[in-house]
Every structure is written in structure tokens, then in C-alpha cells.
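Asks: Please model the entire structure based on the sequences and the hints provided.
Here numbering that gives the first Met the number 0 is used: the first residue of the sequence shown is 0, the next is one more, and so on.
Keep in mind that the hints were calculated from the coordinates and are not lab data.
From the three backbone atoms N, C-alpha and C, an ideal C-beta is built for every residue, glycine too.
Treat the hints with caution; some may be incorrect.
[As the list claims (entries may be wrong)] Here are the in silico distance ranges between beta carbons for each label pair:
no., residue 1, residue 2, range
1, Asp237, Val278, 22 to 30 angstroms
2, Glu103, Tyr334, 24 to 32 angstroms
3, Arg345, Asp183, 49 to 57 angstroms
4, Glu107, Leu181, 34 to 42 angstroms
5, Met211, Ile176, 25 to 33 angstroms
6, Phe238, Ser342, 31 to 39 angstroms
7, Val99, Ser162, 19 to 27 angstroms
[Claimed, not checked] Taking lysine-lysine and the DSS-like style, the derived pairs with C-alpha atoms no more than 30 angstroms apart in a straight line are:
no., residue 1, residue 2
8, Lys35, Lys76
9, Lys344, Lys76
10, Lys76, Lys160
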Amino acid sequence: MTERVNSAKPGYMPQLDALRALAVASVAYSHWVPSKLHFGLPWGPGGVQLFFVLSGFLITGILLRCRDFDAPAHAMKAFYARRFLRIFPLFYVVVFFAFVFAIESMRESVWWHVAYLSNLYFVVSGGWDGRISHFWSLAVEEQFYLLWPAVVLLVPFRYLKGSAITLCVIGIFSRFILPSLLPDVALLSVLPNSNFDALGLGAIIAMRSRDMIHFPVEKSVILAVPLYMAFVFGRAIDFEIPFHRALERTMLLLIFMWLIEASAIGFGGMVGRILENRVLLYLGRISYGLYILHNFAQLVVPPLDSLAWLGGFAEVIRVVLMALLTVSVATCSWYVMESPLNSLKRLFPYRPQTLATA
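Replies: Given below as C-alpha cells:
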């Protein structure tokens, strides 16, 4: 890699949209396809972690550009207004309908979800709630947004690198040590601190793109790929070492780190053509809707027993029907609600008007 993306000059990075599409497809695959066809790979957790690294990269890049304007209060207001327009409306519409139709435990737990505390609710209750289980990752994102903008915008510049490294250390410590300290607590992996390493590695890519930090991304991935494959193979043959799964996820995060940085710069050749395929780019654009809605498709599409007359094709056809339904509803959401609301972001520019007109 001889060139780096300059996050100081914002621009559309299309291949990142393709990564969003692949991430949500991975999560949907984990929920729609029987576990016997997962082949020992962490489709769901892997897709979520890819989202987290990508989010850490993009959000940190935005906030670092805002520092150039030297107006942190303005930047903070603009950031939260724009996040509100992008994230809240669809989420609360889905929560409302889940409440009305009494999906899972929504009527008993609605205020947890309204407050973006779904992950804490699952820890307290000690288990998942099926169709709304994926809300945990949305909660982690929002909790990260409460912390990180203030750090990037207000912490003295010389301490920013240390802040990102601290974020990673907290995440690694939480994943490696917390299960030993709290063996009777389930689902510790959905706590925000247990995911700070993924978000922090994304932040490090953004800082690296501005030459604020030096991290051997290319060398790391050369080590991470064979180690990750070895960890996956070890699980497949029931051979695990201490901290096996935590180490496996760390290797996967390093791979994602390289993949996101390379995609931000832009792959060439066949890989580049795949990542800039129009279908993938469109699915990436509506990926937020796809992610929120995909887990409800199984409530609408007939269960497998009802499709038994299709024989061996029943499972495949059911997955295709769920995919078509999810894409259709997410498309409606995008054009009817999300895109019009996104257009209102122009009312909340990151650059203060006094600078824009100077």
C-alpha cells in the first residue's frame, strides 16, 4: 500500500458501502440459514464487528475534520443532529410496531430499547429475545456516540493517539478478563466496553490516514490471516487453547482493519470491480434498514414446515423470500423516510457558517 486516504478531504468511498452490504448479509445469513451451514464461521458476530470497525473509522474521520474548524460546540451539535436524523426515526418506528404487535418481550422491555439500552437489558435478563436480539449492537453504537465525540473534539491533540489506544486496551481487557471475573454473568460480549477494541481499531485507521499514529496494518494482516484460520480449524476439531475465542476475534478485527483501510483507498482489478458493483453499492446504501428489519422477516415468511412441499429446495426458497421481503421493505423505508430525512442534514453543516462564508 503506497497511498493513504486523506480523511481531511471528505469524499464518497464507494467500496465501504459494499463492505456494509457484505456485513449485513453476513448477519442475515447467521439468522436465516441453519447453523449446520455456518461451517464454523462467526457470520453474525463477524458482520457486527465489521460494522463496528467501520463505524469507528468513519465517525473518527468526521470528528477529526471538525477539529480543523476549531468550533467544538458547533461540531458537537451538528454531529448529534445528523446522527438523530440518520438513526432514530427508523429505529423508533420499528420499536413502535414491535410494541404494538407484541413481538418477543417488547411490551415488557420497551423502555430499555427506547433508551438504547438493549444490550444491558439482555445482560440483565440473561438471554436473547429472538427477533429483537440484534438491537444490542445499535445500543453499543449509540453508547459509543455518547463518549467518543467529546474525546475527539475536546481532548488535546497530543493525547488523541493515546485515547484511541486506551479504547482498544479497554476492549481487549474486557474480552479477555471479564469472563473470568464474572463467570456467572451471561452475554458480557454485548457490553459497550467489550466492543471498544473494534471501535478503537477503526479510530486508529482514521488517525493513521492523517499520519497521527503509526500502526503496521499490512504486517499485522499477514500474521492475522493464518492465525485466524488456525483458530477456526482448532474449534472445528474441538481443540481450543486458553482465550481461544478472544484471540480469534482479535485476529478477525485486524483483518477487518486492513480490509477497511484498503477499501477506503480503493481496491483495483477484479476485487475493485466486485466492491463497486451497483447491486452491492445499493444494498450498502440501504444497509441500516436491512439490518434493523432483517430479523423480522421470519415472522412474515411461512415457516419451513409450511414449505415442505417444495422438497429439498424449501430452505433455499425461504431464505430467498426473506431476502426479497427485507430488501423491499428497506427500499420503501429508504425512499419514503430515510432519504428525505437525510436531506435535512444540510441544515446542520459541520463547518460553521462564519467559516463557510469567510
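Asks: For every hint, state whether the structure bears it out.
Replies: So, going through the hints one by one against the coordinates:
Between Asp237 and Val278, the C-beta spacing of about 39 angstroms breaks the proposed range 22 to 30 angstroms. The hint said 24 to 32 angstroms for the Cβ distance between Glu103 and Tyr334, and at roughly 28 angstroms that hint holds. Range check, Arg345 to Asp183: about 50 angstroms between beta-carbon atoms, so the 49 to 57 angstroms window is met. For Glu107 and Leu181, the hinted distance range of 34 to 42 angstroms is not satisfied, since their beta carbons lie about 25 angstroms from each other.
Judged by the Cβ atoms, the range 25 to 33 angstroms given for Met211 and Ile176 holds: they are separated by roughly 29 angstroms. Range check, Phe238 to Ser342: Cβ separation about 54 angstroms, and the 31 to 39 angstroms hint is violated. In this structure the hint that Val99 and Ser162 lie 19 to 27 angstroms apart at CB is violated, the actual value being about 42 angstroms. Taking the CA atoms of Lys35 and Lys76, the gap is about 47 angstroms. The hint is violated against a cut of 30 angstroms.
The suggested pairing of Lys344 with Lys76 holds, with an alpha-carbon distance near 12 angstroms, which does not exceed 30 angstroms. Of the supplied pair hints, the one linking Lys76 and Lys160 holds, its CA atoms being roughly 24 angstroms apart against a limit of 30 angstroms.
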